[in-house]
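In our numbering, the protein residues as written are 700 to 1095.
Treat the hints with care, since some could be wrong.
[Unchecked claim] Taking CB as the label site, the calculated pair distances span:
hint, residue 1, residue 2, range
1, 744, 938, 17 to 27 Å
2, 971, 736, 43 to 53 Å
3, 1058, 894, 44 to 54 Å
Treat the hints as calculated values from the structure; they're not laboratory data.
Remember, it's a predicted structure, so these values are computed and weren't measured experimentally.
Virtual Cβ for every residue (Gly too), placed ideally from N, Cα, C.
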Amino acid sequence: MLLTRSERMLVFVLALITMSGPMSLTILFPALPVLEVEFGVSRAMVQVTTSLATLIIAPGVLIYGPLADRFGRRRPLLAALLMMGAGSLVCVFAQNIETLIAGRCMQGLGAAGCLTLARVMLKDAFGQKRLPRMLAILTMAMMIGPMVAPALSGYMTDTLGWRSIFVFLTIFFILLIGLFWRIEETHGARPGGGRRAFRTLLTNPRFLRYSFATGMIVGAYYCFGAGAPHVIETMLGHSASTYGVWTMALSSFYFLGTMSSIWLGPRLGVNGSMMLGMTITTVTTFLLLALLYVFGASLTVLFIGMAPWAFGSGVFMPNSQAGSLTSAGRHAGTASAITAALQHAFGALGMQLVGSVLTDSAYPMVYCVLGFSVLTLGCVAIRAGSLRRAVRRAGA
């Protein structure tokens, strides 16, 4: 599959934009225990810096999606990048937890546009046949940020202090805004259709199953992402740098799963790949519970249990996202908005749920991951059952 020079530039810039949202949201994870001490606030209050920033994406994407369908993709995307940069700058100078939360919310609003519009521009440029493979590339890019960010931010927190994290993000978004001018509009302005698009998609069972499945697996990921710093740093006594390197190693399995989906997709199809991915994640979460019961919590036990989970998620995500976009027809912007809203609503729910139930044990975190994984598998199984019934009716 050969790409033209302009297509390669588009994919490169959209990959960086896609990476920026999850990177900005997860980069603070290793510093959360430090923030508790510096600001003298509770663990639950510190979790708000991540959970509220993630939650605010949900209403944000519902604004960006229809705007992109109506006014084109570039103008809303530029506004989102400017918001991300401004939010990072606010966090640099935050003197209390409230100001830090405000800056993080600005980042969340910007991330809403980045996550929504990058996928839609990809669909505009590559169409239905090439979309799953292109989304796999975008998904790999989306995971590079969370793979590298904890290791980088853990080191910066230990050596330069937590504010250096947001100095880095401010510089990153200045550079990204410069690259933005290298890409062209992929969808001209088209007036009207906002309410009709929402009504059409919210009554489309096929689209809703794909979107809810995508949202729930993200909820499982954020359960682990929010709970692991407490388990690894506070409970097991490791440093923020150790947590960051461990997370980077774990995330590489997600990366491998996403790469595998490029090969598996044409052979198993979208739904077959989704079922394979979720079967792997659910089975390995039960395995992790068994390992915790026998050996207790340790970096090795958590890695053995979560590495296959990350691989299965990597197989699942590009296919579930492609399914939601291709089932939406011409309402791609609104479809991406609804899917992203569900992703971050479930993500915020997962983070706050874990923050509320964490104890001096890894079990609450793993139970939350298992719950979301089982719900996602159920969504995929319902979709598979619907397809089998449709095939039987067609053959009757």
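Hint check:
no. : hint                     : verdict
1   : 744 <-> 938: 17 to 27 Å  : 23 Å, holds
2   : 971 <-> 736: 43 to 53 Å  : 48 Å, holds
3   : 1058 <-> 894: 44 to 54 Å : 46 Å, holds
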